[in-house]
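Trainee: Build the full structure now, drawing on both the sequences and the hints.
Protein chains in written order, with this note's numbering: chain A, 1 to 341; chain B, 1 to 350.
If you're looking for bench data, these hints aren't it; they were derived computationally from the structure.
Some hints could be false.
Here are the simulated lysine to aspartate or glutamate pairs, EDC-like style, with alpha carbons at most 20 angstroms apart [to be verified]:
| no. | chain 1 | residue 1 | chain 2 | residue 2 |
| --- | --- | --- | --- | --- |
| 1 | A | K252 | B | D272 |
| 2 | B | K162 | A | D286 |
| 3 | A | K252 | A | D223 |
| 4 | B | K101 | B | E24 |
| 5 | A | K315 | A | E254 |
| 6 | B | K103 | B | E77 |
| 7 | B | K105 | B | E128 |
| 8 | B | K214 | B | E149 |
| 9 | B | K214 | A | E276 |
Not the full set, but computed from the structure, chain B residues with beta-carbon under 7 angstroms of chain A [stated by the list, open to error]:
| no. | residue |
| --- | --- |
| 10 | S200 |
| 11 | E253 |
| 12 | Q257 |
For glycine and all other residues, C-beta sits at the position ideal for the given N, C-alpha and C.
In case you want the letters, here they are:
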Amino acid sequence: MSNGPVLEIADFSVAYRTPSGDVRAVDRFNLSLHTGEVVGLAGESGSGKSTLAYGATRLLRPPAVITGGSVRYHGRRLNGQAGPAEVLKMRGDQLRRLRWREIAIVFQSAMNALNPVLSVREQMVDVIHAHLEISRADAREKAASLLDLVGIPRTRLRSYPHELSGGMRQRVMIAMALATDPEVVIMDEPTTALDVVVQRDILSQIAELREQLDFSILFITHDLSLLLELADRIAVMYAGQLLEIGTAAEIKSEAAHPYTKGLLHSFPSLRGPRRELAGIPGSPPDLRNLPPGCPFVPRCSFATDACKDIDMGLKPVTSSLDPEHVTACPFVLPDSAAVRA
Amino acid sequence: MTTHSPFAPDAPDAPIAPVAPAMEAISLSKDFRLGRGQTLHAVRDVSFNLYSGGVVALVGESGSGKSTAARLLAGQERLTSGTIKLAGELVSVGTQHAFRKYKSKVQYVFQDPFSSLNPVHTVSYHLERPVRLHQKGADVGTEINTLMEQVRLTPAKQFLAKYPHELSGGQRQRVSFARALAARPTVLLADEPVSMLDVSIRLEMLALLDDLRKRLRIAMLYITHDIASARYFADEVLVMYAGQIVERGPAEEITQQPRHPYTQLLIASAPDPDNLGSTLHRGSVTRRDKPAEGPAATGCPFSTRCPLVTDQCRAENPALIPLSGTRAAACWHLDQTDAGGGPQLVPHLL
Chain A
1 MSNGPVLEIA DFSVAYRTPS GDVRAVDRFN LSLHTGEVVG LAGESGSGKS
51 TLAYGATRLL RPPAVITGGS VRYHGRRLNG QAGPAEVLKM RGDQLRRLRW
101 REIAIVFQSA MNALNPVLSV REQMVDVIHA HLEISRADAR EKAASLLDLV
151 GIPRTRLRSY PHELSGGMRQ RVMIAMALAT DPEVVIMDEP TTALDVVVQR
201 DILSQIAELR EQLDFSILFI THDLSLLLEL ADRIAVMYAG QLLEIGTAAE
251 IKSEAAHPYT KGLLHSFPSL RGPRRELAGI PGSPPDLRNL PPGCPFVPRC
301 SFATDACKDI DMGLKPVTSS LDPEHVTACP FVLPDSAAVR A
Chain B
1 MTTHSPFAPD APDAPIAPVA PAMEAISLSK DFRLGRGQTL HAVRDVSFNL
51 YSGGVVALVG ESGSGKSTAA RLLAGQERLT SGTIKLAGEL VSVGTQHAFR
101 KYKSKVQYVF QDPFSSLNPV HTVSYHLERP VRLHQKGADV GTEINTLMEQ
151 VRLTPAKQFL AKYPHELSGG QRQRVSFARA LAARPTVLLA DEPVSMLDVS
201 IRLEMLALLD DLRKRLRIAM LYITHDIASA RYFADEVLVM YAGQIVERGP
251 AEEITQQPRH PYTQLLIASA PDPDNLGSTL HRGSVTRRDK PAEGPAATGC
301 PFSTRCPLVT DQCRAENPAL IPLSGTRAAA CWHLDQTDAG GGPQLVPHLL
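Mentor: Dropping the structure here:
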């Protein structure tokens with residue numbers, strides 16, 4: 001992907017204001033998404049991955065506050081103006097033009113994100129009508145062609161969400177996100193509630209649509225095994241901070257951060273010989289009360305006193321030939337074979 | 001990450017030994033009336049045995065009837081036909097008293113630790129009640145401490161006064177396990193016990209269940225749609241589709257040499273991190289003309305999706321055909337599905 005960035009998130013921080021002080025849900029986050037690229041964002045629940053996605057599109061409500069950084073959007077359609085648009089400085093009407101038209105989101109739970117009292121057609125037409133200047137009749141035709149795109153029969157336009165299976169609902173969500181031909185689609189755990197066969201179906205659908213329509217994807221999930229297959233690059237997030245970014249191949253074979261290595265050893269494999277598995281002991285930290293330095297220290301089997309003084313900046317992995325492969329862990333660790341022993 | 005290695009890499013599959021089963025399910029069937037004269041056959045002629053200290057995995061997609069089968073075993077649904085035996089004796093849960101007695105032997109763990117605990121009660125309340133109910137005369141305090149140790153929520157004091165919202169997902173599921181163990185069951189029915197948890201936590205939970213079944217000699221039914229976890233955790237795997245068992249056998253054999261086309265589809269669908277840049281990458285996606293169809297009403301239920309389908313499949317539902325002493329599959333075309341090491345039908349299935 002030698003194309004330029006379409007979305008650049010830099011030094012981005014979000015805090016939740018509470019009576020007992022700020023909870024730093026996203027802390028100095030840096031990630032850019034290039035045109036046509038699939039970037040996977042992996043992290044456990046509570047690591048701040050959804051907060052990041054909603055923060056970058058200005059969808060958060062108080063007590064969440066964006067405390068710093070910038071989100072620059074370089075859309076092809078915005079070329080009329082000089083340079084990229086700064087999302088964090090946009091006014092209400094500019095934001096309305098940005099959302100859905102430029103950056104669309106597929107929300108986590110299709111069951112809750114679809115309106116139960118409106119038919120599929122009504123909610124799709126609503127979206128298209130609100131964001132594109134076309135007539136209701138054209139919007140209806142577009143809704144039907146969108147269902148074709150995601151492989152749902154047109155007769156389903158009249159169905160209500162409860163009449164659809166989980167997989168179909170998720171497809172409707174994807175069709176709605178693509179309704180306005182956005183350049184960036186953020187997918188927040190789009191397949192988590194589905195079983196593997198349906199999940200595989202939806203993922204191939206997403207891959208196919210991306211080839212047809214050429215949008216960029218930020219794919220958020222807690223399942224690293226999925227990202228290894230789907231994503232071009234993978235970013236690993238923990239306690240609101242980035243721990244590692246690299247191509248899928250680099251993450252798979254040259255993971256540098258102990259947390260990434262831990263994730264790689266926590267899913268059972270189906271193929272090949274049985275390998276020894278080890279989970280990550282302990283549980284995610286309390287964001288109100290983070291340890292100094294690296295937040296992974298309490299669960300890390302390589303932690304030393306020096307880990308409390310590191311600044312969590314991302315630096316190139318010395319053992320890797322790829323300068324884009326960066327990690328927050330400044331220490332060179334034994335390779336994964338030794339880790340397992 | 002050298003903490004603990006829950007499942008030894010080359011542990012032989014536990015022999016399906018000639019010992020008496022802890023629980024026998026014999027030809028279980030369950031029909032639901034849908035109205036307008038329609039009937040849904042949720043479970044069709046399902047038989048299996050659970051052994052003390054062994055794990056049987058029931059694998060299938062949503063709607064395949066795996067949860068209904070577990071609910072039948074738990075006595076929560078009335079059987080349409082079939083029998084259940086517990087330690088060799090015929091089970092009857094007709095009266096309140098008999099049902100309670102049965103419950104103290106057979107316990108159920110729910111999928112969602114967020115909704116299966118009562119948000120207005122503390123951890124100790126959740127454990128106290130089953131202890132008082134199922135173990136009359138026991139010292140409640142000591143018993144609760146033992147339970148908390150068994151699920152490794154220690155020090156117990158730190159957790160007992162907490163409410164569910166103060167616990168992480170993994171801790172909540174541990175409380176669910178402790179609650180099920182409070183009755184000192186001989187059989188544990190675990191319905192997707194880890195699917196709501198983060199991937200990094202799942203392994204620890206399965207390791208805990210593995211430890212419990214070995215230490216307490218509990219017979220376990222593990223329900224999941226994740227066949228990869230069944231490979232590591234279960235001794236025997238039963239694959240369900242549309243209410244019936246389509247393939248069964250030792251976990252390692254089923255996952256490495258699946259014979260039924262549906263099992264092959266399940267395995268091909270699981271995310272495969274060893275297969276970087278596979279089907280999902282640019283340029284290699286094949287166009288699917290129509291969404292997957294539901295199970296067929298007559299004949300083999302998988303005939304609507306199967307690449308090997310013939311007229312015989314559409315007309316007649318195949319029975320389980322033994323492949324070896326421990327394996328069986330229900331398919332008319334088993335002669336064509338022997339891939340000798342890997343699924344061969346996959347390109348046609350996906």
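Trainee: Hints first: check each against the structure and report whether it holds.
Mentor: Okay, the hints, checked on the actual structure:
{"no.": "1", "hint": "K252(A) / D272(B)", "in the structure": "12 angstroms, holds"}
{"no.": "2", "hint": "K162(B) / D286(A)", "in the structure": "16 angstroms, holds"}
{"no.": "3", "hint": "K252(A) / D223(A)", "in the structure": "13 angstroms, holds"}
{"no.": "4", "hint": "K101(B) / E24(B)", "in the structure": "17 angstroms, holds"}
{"no.": "5", "hint": "K315(A) / E254(A)", "in the structure": "15 angstroms, holds"}
{"no.": "6", "hint": "K103(B) / E77(B)", "in the structure": "13 angstroms, holds"}
{"no.": "7", "hint": "K105(B) / E128(B)", "in the structure": "17 angstroms, holds"}
{"no.": "8", "hint": "K214(B) / E149(B)", "in the structure": "16 angstroms, holds"}
{"no.": "9", "hint": "K214(B) / E276(A)", "in the structure": "19 angstroms, holds"}
{"no.": "10", "hint": "S200", "in the structure": "5 angstroms, holds"}
{"no.": "11", "hint": "E253", "in the structure": "13 angstroms, violated"}
{"no.": "12", "hint": "Q257", "in the structure": "12 angstroms, violated"}
Hint violations for this structure: numbers 11, 12, all remaining hints satisfied.
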